[in-house]
Amino acid sequence: MTSAVVTGIGVVAPTGIGAEEYWRATTAGESAIGPITRFDPAPYPVRLAGEVPGFVPAEHVPSRLLPQTDHGTRLSLAAAAEALSGSGLTADEAPEFGIGIATASTMGGFEFGQRELQHLWQLGGQHVSAYQSFAWFYAVNTGQISIRHGLRGPGATIVADQAGGLDALGVARRQIRKGTPAVVTGGVDSALCPLGLAGQLSTGDLSGAHDPERAYLPFTREAGGHVPAEGGAILVVEDAGFARDRGAPVLGEIAGYAATFDPDPRDPAADGLLRAARQAIADAGLEPGDVDVVFADAAGRPGADRREAAAITALFGAGGIPVTAPKTGTGRLYAGAGGLDTATALLSLRDQSIPPTVHVGATDPAHEIDLVVGRARPAALTTALVLARGRGGFNAALLVRAPRPGKPNHTKE
Amino acid sequence: MSTLTIAALKDILRSAAGEDDGVDLDAEILDTPFTELGYDSLALLETAARIAREYGVSLSDDDVDQIETPRELLDRVNAAARA
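Line by line, the protein sequences give chains A and B.
Numbered by the numbering used here, the letters in the first sequence go through residues 1 to 413 in order.
Numbered by the numbering used here, the letters in the second sequence go through residues 1 to 83 in order.
Keep in mind the hints are simulated off the structure, nothing from the lab.
All C-beta atoms, glycine included, are put in the ideal place defined by N, C-alpha and C.
All the pointers check out, no bait thrown in.
Chain A is faced by these chain B residues, among others (derived, beta-carbon under 7 Å): (1) E19; (2) D20; (3) D21; (4) R53.
Please work from the sequences and hints to get the whole structure.
Right, dumping it as structure tokens:
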């Protein structure tokens, strides 16, 4: 079977715009969690978020697209442009229907939608933008990226909360196995407006803490929810042969993937995340002992953390593998998380360094996991397991493997 | 009701739908088809909505479909405003 390789990464994260700036901040253990500035959060029980700072839309998005795009779509266009630029892939290099797109979304363009709803109620229907017809909805990033770059291959949008980002990569790999040479994939979410925050509050999963350093502490005794955030990553995934023939830089391979629902009615005791991880490792033709590091979902809720830690120890033994959750420095990115964690894992493999879990001093000993805290940990890394769970019972697991030694197109870019 | 000028229309187009890279709206565009200026049907619907709000002239979706150039749009709006 053909293998799917990653040839480009684009990042828009609270800790950095651009993959290299993000990676520098992530290995340094920097945090971007802080008070919400996009609107006055005082009336809300949650006042912290991970916002992407200093994003100037006109620097990333053509004027023609500004009136028709939500903030989140602009972030996704910036990430897609960086990913495509890094991979060197353009529509001209593939057959007309040869480049597909699959992005994940959790909320769509809520900020755009809120503004137009306000216009509707305050000023009347004449004042609602014609672009409300699509600017708010889940598929908008897939659509705008495909139009902007002339990507006419199979298109998809995946909605599975935080698991969706990994599911998008799974869809991309499936399309490549079916014969599409390349797929632009990943996810970017942004709903840091009152309407978006109200929707997120309804889950009851957000931390009410007002201290940015104490608000999102997965795997600790203080775990009390997560901090919402915006951003994500877009990746270019290609058929390995197609990438090799055009001399593209290969950052790594999507070696395994699986998704499960939780719980399995036939076996309610079997954690869905554990089944996903186990199946992804088997899908890659590997054993747990072949995996070098785990990028955790890190929900930051006691029950979810306990189940995730139990899944990790069931596979790798107590303290048997380094585990990290760099998303503690950004907040939870929803559909943006899977792509960003995968990008982070690939950069970890490249630089042989596991970035730290931020803000966490000591884990709850009950979890028996070797969480990388404090500072980045040097390690010999070939294969990384990325885990993600979405509200509603979605679980996904994905394995990335470093480029095989000896392949002529292995570059460090 | 004031007359819709080409200068005012350019401002509305920029605000409603932006300006395509490689298109100079400041050039002589009265007879340049909207499609060549980079404006699709949705951009023109949004433009028509703004004209309706600011000039009190409502164009139907069919009108918008048939109008091809800025000159035709100005003529249609200003004729309606005089009527």
